[in-house]
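Visitor: Residue-level listing of the chains:
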Amino acid sequence: GQNIDQPTEMTATEGAIVQINCTYQTSGFNGLFWYQQHAGEAPTFLSYNVLDGLEEKGRFSSFLSRSKGYSYLLLKELQMKDSASYLCAVGPNDYKLSFGAGTTVTVRA
Amino acid sequence: ETGVTQTPRHLVMGMTNKKSLKCEQHLGHNAMYWYKQSAKKPLELMFVYSLEERVENNSVPSRFSPECPNSSHLFLHLHTLQPEDSALYLCASSQVSSTDTQYFGPGTRLTVL
Chain A
1 GQNIDQPTEM TATEGAIVQI NCTYQTSGFN GLFWYQQHAG EAPTFLSYNV
51 LDGLEEKGRF SSFLSRSKGY SYLLLKELQM KDSASYLCAV GPNDYKLSFG
101 AGTTVTVRA
Chain B
1001 ETGVTQTPRH LVMGMTNKKS LKCEQHLGHN AMYWYKQSAK KPLELMFVYS
1051 LEERVENNSV PSRFSPECPN SSHLFLHLHT LQPEDSALYL CASSQVSSTD
1101 TQYFGPGTRL TVL
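Chains as they are written, first to last, in the working numbering: chain A, 1 to 109; chain B, 1001 to 1113.
Any given hint might turn out to be false.
Said to hold, decoys possible - Computed list of lysine to aspartate or glutamate pairs in DMTMM-like fashion (alpha-carbon distance at most 25 Å, straight line):
no.: 1; chain 1: B; residue 1: K1036; chain 2: A; residue 2: D94
no.: 2; chain 1: A; residue 1: K96; chain 2: B; residue 2: E1053
no.: 3; chain 1: A; residue 1: K57; chain 2: B; residue 2: D1100
no.: 4; chain 1: B; residue 1: K1040; chain 2: B; residue 2: E1067
Claimed, not checked - Chain B residues, not near chain A, derived (Cβ > 10 Å throughout):
no.: 5; residue: L1011
no.: 6; residue: H1026
no.: 7; residue: S1050
no.: 8; residue: S1072
no.: 9; residue: T1080
no.: 10; residue: S1094
no.: 11; residue: G1105
no.: 12; residue: L1113
Said to hold, decoys possible - Listed next, with one range per pair, are the computed distances between beta-carbon atoms:
no.: 13; chain 1: A; residue 1: N3; chain 2: B; residue 2: T1002; range: 33 to 41 Å
no.: 14; chain 1: B; residue 1: S1059; chain 2: A; residue 2: F29; range: 41 to 49 Å
no.: 15; chain 1: A; residue 1: Q25; chain 2: B; residue 2: E1053; range: 29 to 37 Å
These are computed hints drawn from the structure, not numbers from a lab. All C-beta atoms, glycine included, are put in the ideal place defined by N, C-alpha and C.
If we strip away everything but chain A, and leave its shape as in the complex, we get:
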């Protein structure tokens, strides 16, 4: 079975750093994805990790530890436009991506 856990909500101040954790227990693993979804819009691809370690892309970084079944998405220098839901997903396994329920991040001035 698939079990992917991430916090429901997080709040942070503009200019700060926020770390969104994701833990997973899945029957298969090919990689871990992070998506960003603004209210009423499509999820957009942020990052993909298949090897252990940190991947940095500008203000966003993603970390993976396969042995611990753990990942995090780090958002630096937060901006108001970063207010969104962040989805952790594991796969693909026979075409399937297994998603967490998403973490809603609210950035306050």
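Using the hints provided, position chain B relative to the given structure of chain A.
Guide: Frame of chain A; chain B shown alone:
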């Protein structure tokens, strides 16, 4: 147009109506997906088509019927839906590979009265 498009963006229908959702991808991908997204729940995979053949049907009720006439187009035909089917329906596409990143359309917000 670029990326993945979906029409309509919003749909209100009665339980006895028949309607269809349309998805089109302009990315040259060979796999397409339908997901259901309900509030505070993980995305639920409904159907997968790879090379225009259905490869996954996640125990979806028969009132949802997918159609994939070619690699760029995907439909979801709806009939005699229930109020609990109200949700955001997302289409995605990918190029089948080891990475297989899925790219999503903006979704159709469906309300069943």
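Visitor: If a hint holds in the structure, say so; if it doesn't, say that too.
Guide: Here is what the structure says about each hint:
no., hint, result
1, K1036/B - D94/A, "19 Å, holds"
2, K96/A - E1053/B, "15 Å, holds"
3, K57/A - D1100/B, "19 Å, holds"
4, K1040/B - E1067/B, "28 Å, violated"
5, L1011, "14 Å, holds"
6, H1026, "14 Å, holds"
7, S1050, "6 Å, violated"
8, S1072, "17 Å, holds"
9, T1080, "27 Å, holds"
10, S1094, "8 Å, violated"
11, G1105, "6 Å, violated"
12, L1113, "20 Å, holds"
13, N3/A - T1002/B: 33 to 41 Å, "35 Å, holds"
14, S1059/B - F29/A: 41 to 49 Å, "23 Å, violated"
15, Q25/A - E1053/B: 29 to 37 Å, "31 Å, holds"
Violated hints, listed in ascending order, are 4, 7, 10, 11 and 14; each of the other numbered hints is respected by the structure.
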